[in-house]
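Given chain H, work out where chain P should sit, using these hints.
Residue numbers (the working numbering), protein chains in the order written: chain H, 12 to 125; chain P, 1430 to 1540.
By construction, these hints were calculated from the structure, which means they are not laboratory data. Be a bit skeptical, because a hint or two may be false.
[Stated by the list, open to error] Short, incomplete list of chain P residues facing chain H, as computed with Cβ under 10 angstroms:
#1 Gln1435
#2 Gly1470
#3 Leu1475
#4 Ile1491
#5 Ala1492
#6 Phe1518
#7 Ala1520
[Claimed, not checked] Derived DSS-like pairs (lysine-lysine); straight-line CA-CA distance at most 30 angstroms:
#8 Lys1523(P) with Lys76(H)
#9 Lys1539(P) with Lys1451(P)
#10 Lys1539(P) with Lys1497(P)
#11 Lys18(H) with Lys1471(P)
#12 Lys18(H) with Lys1539(P)
#13 Lys1523(P) with Lys18(H)
The beta-carbon is built from N, C-alpha and C at its ideal position, and this holds for glycine as well.
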Amino acid sequence: SAVISQKPSRDICQRGTSLTIQCQVDSQVTMMFWYRQQPGQSLTLIATANQGSEATYESGFVIDKFPISRPNLTFSTLTVSNMSPEDSSIYLCSVWTDSGNTIYFGEGSWLTVV
Amino acid sequence: GENVEQHPSTLSVQEGDSAVIKCTYSDSASNYFPWYKQELGKRPQLIIDIRSNVGEKKDQRIAVTLNKTAKHFSLHITETQPEDSAVYFCAASKGGFKTIFGAGTRLFVKA
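Here chain H stands alone, though its shape is the one from the complex:
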């Protein structure tokens, strides 16, 4: 299995500010994804982080609000921009591992916007 590290694990943010979440994997992976899990809800795919090119966003998510970088096959960042209380969620990095042909999640970043 892949070891996926996310930082920060938790944060309390002021509305109107931006926060960048980092995801580091211990091995090269083809696919990396970012999910959001609002309180008591399921996981919603924000975007696929593409190495060396712009991320592919799902309906309802835009680059201006959730800019994503993926400079190499082991690292990605998600920025939550101009935060409002509605952005209070768990943000999860996930990867598809070619070796295991399965999907793993990082431990998540718990964001509270006040």
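Relative to chain H, chain P alone:
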């Protein structure tokens, strides 16, 4: 786009009984179906998965079945224990691409 429906939303069983959670998916091209268990305050953990070339898979007390024709798949937990209490999510994916999750089932196992 792909849609995954999951039922029931809440399930309460007595310890030792079986629990069954059912999901349907819309995209016939989906070929990978993982199940995740999420305990309070923790990330989703993969508990079992099944691929489209297999109809059933079992791992100790957990089994998953897949009916490709009907686009249904189900999770079966036998001899439930209090530590099985959690939220369970089904998901459907095309080779890891765009994995879509069901709404989740909150399982309570009463001792």
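Here's how the hints hold up against the structure:
Restraint check, Gln1435(P) versus chain H: the minimum CB separation of about 8 angstroms is within 10 angstroms; hint holds. Interface restraint check for Gly1470(P): the shortest CB-CB distance to chain H comes to about 8 angstroms, inside 10 angstroms, so the restraint holds. A hinted interface residue such as Leu1475(P) counts as satisfied when its beta carbon comes closer than 10 angstroms to some beta carbon of chain H; here the least separation is about 6 angstroms, so the hint holds. Look at Ile1491(P): its Cβ only gets to about 15 angstroms from chain H, farther than 10 angstroms, so that hint breaks.
A hinted interface residue such as Ala1492(P) counts as satisfied when its beta carbon comes closer than 10 angstroms to some beta carbon of chain H; here the least separation is about 18 angstroms, so the hint is violated. At its closest, the beta carbon of Phe1518(P) sits 6 angstroms from a beta carbon of chain H; the interface hint therefore holds under the 10 angstroms criterion. Hint status for Ala1520(P): holds, given a least beta-carbon distance of 8 angstroms to chain H, under 10 angstroms. Of the supplied pair hints, the one linking Lys1523(P) and Lys76(H) holds, its CA atoms being roughly 27 angstroms apart against a limit of 30 angstroms.
Proposed proximity of Lys1539(P) and Lys1451(P) is supported: the alpha carbons are some 21 angstroms apart, at most 30 angstroms. Our distance criterion of 30 angstroms between C-alpha atoms is broken by Lys1539(P) and Lys1497(P), whose separation comes to about 33 angstroms. As the CA atoms of Lys18(H) and Lys1471(P) are separated by approximately 15 angstroms, the hinted pair is consistent with the 30 angstroms bound. Our distance criterion of 30 angstroms between C-alpha atoms is broken by Lys18(H) and Lys1539(P), whose separation comes to about 36 angstroms.
A threshold of 30 angstroms between alpha carbons decides the hint, and for Lys1523(P) with Lys18(H) the separation of about 28 angstroms falls inside it, so the pair holds.
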